[in-house]
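Peer 1: Sequence:
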Amino acid sequence: MPIGRQAPISRVWPSGGAHLWPPGGTSDLHSHRRGHLVYAACGVLSLHTDRGTSIVPANRVAWIPAGFAHHHRAHGHTDMRIEFLPPALARLVPDHPAVFVASDLAREVLLTLSGPRTHDRAARARLRRVLVDELQEAREQPLHLPEPRDDRLRAIARVLHADPADNTPLAQLGRTTGASARTLSRLLHDELGMTFYQWRTQLRIHHALVLLAEGHDTAHVAHACGWSNPSGFIAAFTDIIGTTPGRHRAGDRR
1 MPIGRQAPIS
11 RVWPSGGAHL
21 WPPGGTSDLH
31 SHRRGHLVYA
41 ACGVLSLHTD
51 RGTSIVPANR
61 VAWIPAGFAH
71 HHRAHGHTDM
81 RIEFLPPALA
91 RLVPDHPAVF
101 VASDLAREVL
111 LTLSGPRTHD
121 RAARARLRRV
131 LVDELQEARE
141 QPLHLPEPRD
151 DRLRAIARVL
161 HADPADNTPL
171 AQLGRTTGAS
181 ARTLSRLLHD
191 ELGMTFYQWR
201 TQLRIHHALV
211 LLAEGHDTAH
221 VAHACGWSNP
231 SGFIAAFTDI
241 IGTTPGRHRA
251 GDRR
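According to the UniProt record's numbering, the sequence shown is numbered sequentially starting from 1.
In case anyone wonders, no lab produced these hints; they're calculated from the structure. Glycine included, every Cβ here is placed at the ideal spot set by N, Cα and C. One or more of the hints may lead you astray.
[What the hints assert, rightly or not] Distance ranges between label pairs, derived from CB positions:
{"no.": "1", "residue 1": "91", "residue 2": "193", "range": "22 to 28 Å"}
{"no.": "2", "residue 1": "28", "residue 2": "168", "range": "30 to 36 Å"}
{"no.": "3", "residue 1": "66", "residue 2": "232", "range": "39 to 45 Å"}
{"no.": "4", "residue 1": "137", "residue 2": "23", "range": "31 to 37 Å"}
{"no.": "5", "residue 1": "33", "residue 2": "105", "range": "25 to 31 Å"}
{"no.": "6", "residue 1": "232", "residue 2": "124", "range": "43 to 49 Å"}
{"no.": "7", "residue 1": "126", "residue 2": "193", "range": "32 to 38 Å"}
{"no.": "8", "residue 1": "66", "residue 2": "140", "range": "31 to 37 Å"}
{"no.": "9", "residue 1": "163", "residue 2": "51", "range": "22 to 28 Å"}
{"no.": "10", "residue 1": "195", "residue 2": "228", "range": "17 to 23 Å"}
{"no.": "11", "residue 1": "111", "residue 2": "168", "range": "30 to 36 Å"}
{"no.": "12", "residue 1": "91", "residue 2": "163", "range": "55 to 61 Å"}
{"no.": "13", "residue 1": "139", "residue 2": "169", "range": "28 to 34 Å"}
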């Protein structure tokens, strides 16, 4: 796998690998002939494709189909595990990048497949089948932030990524791009399947996960990401991630 300037400590084998990334470690843009699962045993990963960005905290597992060019970045010290799936199993999971809840069983199987213990081919095949069964039972999670295609939406995305706390109304943001709020709302629905509020909240939660991984406390993250008080942030975070920011930062993987 091509890597960026901050190289991980890696252990690789034909069916996967384990990579210990330093904070801020990044990979170069690359793709694989086989689809693969990505899991952060600790830390947080952001996975970027031309479809958008997926955030992978320690209670989620990401799927990257074969041939999808992508790169990733580690937020905090990150233990990244990768497991490639053979085509017969890859056909049972989505044909697009996705993020799933990592059940206790799925997590243990991933850690076993990527751990130091050696398993024969038949045992690995059984474990991979169990893993795919678990993913089929799990619903896709809204941790994938789609990348807009329209130039006007891209301009607004740049503003919000630069300052997630920006509370400028859509109509006012639209005036800087020459589009009305109605036009932008239609584009958001048609391209991303979201309202402006949903999209901005998703973007803010993505930034929040990164800040939490960097060690910031809940109050700081809430204000940095646009919430006027921590309780509103905690409610939004829990609704999307499934656990509170405090439990997430402490490593709660439920």
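Peer 1: So which of the earlier hints does this model not fit?
Peer 2: Hints 8, 11 and 12 are the ones this structure does not satisfy, whereas the remaining hints hold.
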